[in-house]
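Asker: Based on the hints, put chain B in the right spot on chain A.
So the chains spell out like this:
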Amino acid sequence: MAQQKSETVFAPWDDPDQKPIIQFKSVTKRFGSFTAIDNIDLDIFEREFFALLGPSGCGKTTLMRMLAGFETPTEGTILLEGKDIAKVPPNKRAVNMMFQSYALFPHLTVYDNIAFGLKRSDMPKSEIAGRVEEMLTLVKLNKFAARKPHQISGGQRQRVALARSLAKAPKLLLLDEPLGALDKKLRQETQFELMDIQEKTGTTFVIVTHDQEEAMTVASRVAVMDEGKLVQVATPAQIYETPNSVYVADFIGEVKIIEGTATPLGDDRYEIQWAEGQPAIRAACSTPLTAGSRVFYAIRPEKVAITAERPKDAANAVKGRILDIAYLGNISTYHVELPDGQSIKAQTANNRRLARRSFTWEDTVWLSWTDTAGVVLTS
Amino acid sequence: MNIRRLFLIAVPYLWLGALFLVPFIIVLKISLSDAAISIPPYTPTLDFSGGWEALKQFFSKLDIENYVFLTEDDLYWKAYASSLKIAIISTLATLVVGFPIAYGMARASDEWRPTLMMLVILPFWTSFLIRVYAWIGILSTEGFLNQFLMWIGVINEPLSIMNTELAVYIGIVYTYLPFMVLPIYSTLEKMDASLLEAAEDLGCTRTSSFWLVTIPLSRPGMIAGCFLVFIPALGEFVIPSLLGGSQTLMIGKVLWEEFFNNRDWPVASSVAVILLLLLVIPIILFQRNEEKNKELEL
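As you go down the protein sequences, you meet chains A and B in turn.
Per this note's numbering, residue 1 is the first one in the first sequence, and the count goes up by one each step.
Per this note's numbering, residue 380 is the first one in the second sequence, and the count goes up by one each step.
This is chain B alone, in the form it adopts within the complex:
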């Protein structure tokens, strides 16, 4: 192998090593440490000046105590389970909301498509945090939604949506909708319109050709969209902490509280490591799906 090729391959590996692997090893190391009232707030710390003996001592002090602790306190189990539930439900909700949008975009006339695409991407131009704050203004007891519903006379008492799981679902669906719409749109847009005519010609009604042709052909897009929503939703922190109130239990929030309220870095790190391991599974499945689609296109 010549030097040029080595260099080309080295760049992405160095990038990954410096920005992913090294931080991960640090987090892993902290998760094996013990909490301490010091700076940094854990022991042992790595000290090369002590030589070989000190290094041996350093490694002997590392243990999996924190991971054992995670299994003992049911808060963590519940937080993982609740995150999983919220991520799954909000992913499905995003799919239900996103598919018709993508379908409408793919069916729209050519001159409308760029505009519709723009409208889907437009929210990204504003800060994510500001957009989530805006939802507080919409969903709170005195918010726009309640005022509007009371004004048209649908309800007499304001609905309490803020600080419930429902608010978290709304927040996640809103935030991640473009990640669902775009992959589905790209599969639907590629679809040959004559396939639907062929299905009709062979005896399908409009509805059955939708279920037998459109849905199966857009499945790769749906799967990709679901992963793109599910993976970040599982570890979501901002949305549950701003919209979900104190009752909503999500692992991202637990992680934050362990770090900043409890200042227990080792436990927080072990929560993070477990979360990462949980996410590896859907990420691998996502990659598989992508590879399979690429093969199909060849």
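Here chain A stands alone, though its shape is the one from the complex:
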């Protein structure tokens, strides 16, 4: 996948010599008594595809609107290429935005919509037509240049909006829930198109989304936000595999959170007592924990194996009864109830046909996972 490729070659955030294109320095934004953004520090690097992810009302849109210039920070500074942009109005910023509603001008053709920004710039008239053609080719809409926005489909409108916001070759492109209005299939296709276009143009993209799958697919780094704060900023793989808090673990993907008390075993290994009559969970954790401290153990369903017999060499194994099976075609999720009433999910790939599936409802099974499968969290 593209994201793994870029992971090996593209990681400016780990390179101390790289200068970020965008810097938020202790930025706070209040609307009356409501704090939308709470003291945020954030660096975004050139050519990054950066995703702001969070539930609605977490402040991600406000953060983006401050970059576009529609809101000004109450406190702190935002730097674009090292310069404070607080005083620069939206029409003078080398930043363009793709709006959630697309905001295409209904009275202008597709061509004129894309040319709109160019005509306001100091680009000579003779070059505008060429640039618009280039943009139309990029989003594969040459045939629709003469149509008005109401004469094309939703997916095409989305591409016109993208072309229009890219036409002025901004240093930074902001995308506000760009795929929200598309149906699932089209959305997935468009995600890859977006990544393609981002790579082709080399523009820095900042995308706002509440769809974690979308953020994971397109972004080089993801910032998970909650109530105006950045909870974790990391690559999609890090966010998924090593979330820094229960909030992030729970927000991204499916997870089972088990509460318990930790006992050190030495060598970064711990035992977690979590339920009466259940064997302690053995887990690895690099942050030192004191004996008896309260921890949350997060385990994802695909890391849990399901077997009929107790596996011999598993670090963790619990016995339970299959309560429910969610068949999703490519995978199945088993809801397994433990004797104490808690339930843990296990996921298996359906590489066999349905008729030959090994387990069914009410079967007694063993769930097992290794000591590095789960994450120990303290908050």
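These aren't lab readings, by the way, just hints derived from the structure by calculation.
Quick caveat: nothing in here was measured; it's all calculated off a predicted structure.
For every residue, glycine included, the Cβ atom is placed at its ideal position computed from N, Cα and C.
Be careful, since some hints might not be right.
To be verified - Straight-line distance between alpha carbons at most 16 Å, and here's what the computed EDC-like set of lysine to aspartate or glutamate pairs gives:
{"#": "1", "chain 1": "A", "residue 1": "Lys319", "chain 2": "A", "residue 2": "Asp363"}
{"#": "2", "chain 1": "A", "residue 1": "Lys87", "chain 2": "A", "residue 2": "Asp112"}
{"#": "3", "chain 1": "A", "residue 1": "Lys148", "chain 2": "B", "residue 2": "Glu674"}
{"#": "4", "chain 1": "A", "residue 1": "Lys229", "chain 2": "A", "residue 2": "Asp363"}
{"#": "5", "chain 1": "A", "residue 1": "Lys319", "chain 2": "A", "residue 2": "Glu362"}
{"#": "6", "chain 1": "A", "residue 1": "Lys92", "chain 2": "B", "residue 2": "Glu576"}
Stated by the list, open to error - Take a look, some chain B residues computed to stay more than 10 Å from chain A by CB distance:
{"#": "7", "residue": "Ser565"}
{"#": "8", "residue": "Ser573"}
{"#": "9", "residue": "Leu581"}
{"#": "10", "residue": "Leu591"}
Answerer: The following block gives chain B in isolation, referenced to the frame of chain A:
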């Protein structure tokens, strides 16, 4: 076609036929007649009792003499031209006054909008005639406006606004303002606010985004408002006769004088028929505009 559908279609057609087509045919017929000192004051009158011969005679007496007369006396030409001029100027003036009002309403916060809308519609609750009379009290030489201006010392002599074309413009703008404000407001109110942000984002200043986005998008509303003002203003009678005095020439007034002072019904009818033909053009254009907007919304 079944009877139910026929009945449904028949109702509006009967309505139009009885209340528009029949009166129009009567007016058309009178316009082709000759004036006479009798009751009714024209000949011939239709008499079915005379049979086929009398009917033939009736039709042979109709002629276009009155229409020829309209072209001979320059009073009518001038009245039409002057009405046209007054209607056009007052329509544009209404647009200039009405647009900022509509814009302000559309920009106002949600809790203020119903109140502002109410204020625009409120004058309709009083009689039109009384409101025009009120303007006499404001505009006359001893009126409120002159007294106020003299009191604050802007002028020493009272301005003579009453009985001029200016008074007619003021009257028309005042009376028809809601017809301009409401359609413009409805287009502005529908406008997505993010369009203006998008324009700014793409390099527009506040002013240029107003001219490049707000104005083109509110054009359908402006066109509709202009027609709604222009069409009744062209045939306006009450305002010029109450505020315009004897010098203001408008076709509505000429029509009234022909009917009631001159008692020349045939000439008055032909003036009315020509006025109607003149109005058909803007009415058709108005309908086109409406249809085009509907298409855009689909």
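Asker: Determine for every hint whether it applies to the structure shown.
Answerer: These are the hints, each one checked on the structure:
Taken as a hint, the A/Lys319 and A/Asp363 pair is honoured in the structure, with Cα atoms around 11 Å apart against an allowance of 16 Å. Restraint check for A/Lys87 and A/Asp112: the C-alpha separation of about 30 Å exceeds 16 Å, so the hint is violated. Proposed proximity of A/Lys148 and B/Glu674 is supported: the alpha carbons are some 12 Å apart, at most 16 Å. At most 16 Å may separate the alpha-carbon atoms for a hinted pair to count; A/Lys229 and A/Asp363 exceed this at roughly 45 Å.
Simply put, A/Lys319 and A/Glu362 have alpha-carbon atoms about 12 Å apart, close enough for the 16 Å limit, and the pair holds. Between A/Lys92 and B/Glu576 the alpha-carbon distance is near 13 Å, which keeps this suggested pair within the 16 Å criterion. The Cβ of B/Ser565 sits about 15 Å from the closest Cβ of chain A, beyond the 10 Å cut-off, so the non-interface label holds. Its beta-carbon lying about 4 Å from the closest one in chain A, B/Ser573 breaks the requirement of being farther than 10 Å from that chain.
Distance check on B/Leu581: its Cβ comes as close as 3 Å (rounded) to a Cβ of chain A, failing to clear the 10 Å threshold; non-interface status is violated. Listed as outside the interface, B/Leu591 is inconsistent with that label: its C-beta sits roughly 8 Å from the nearest C-beta of chain A, within the 10 Å cut-off.
When each numbered hint is compared with the structure, violations occur for hints 2, 4, 8, 9 and 10.
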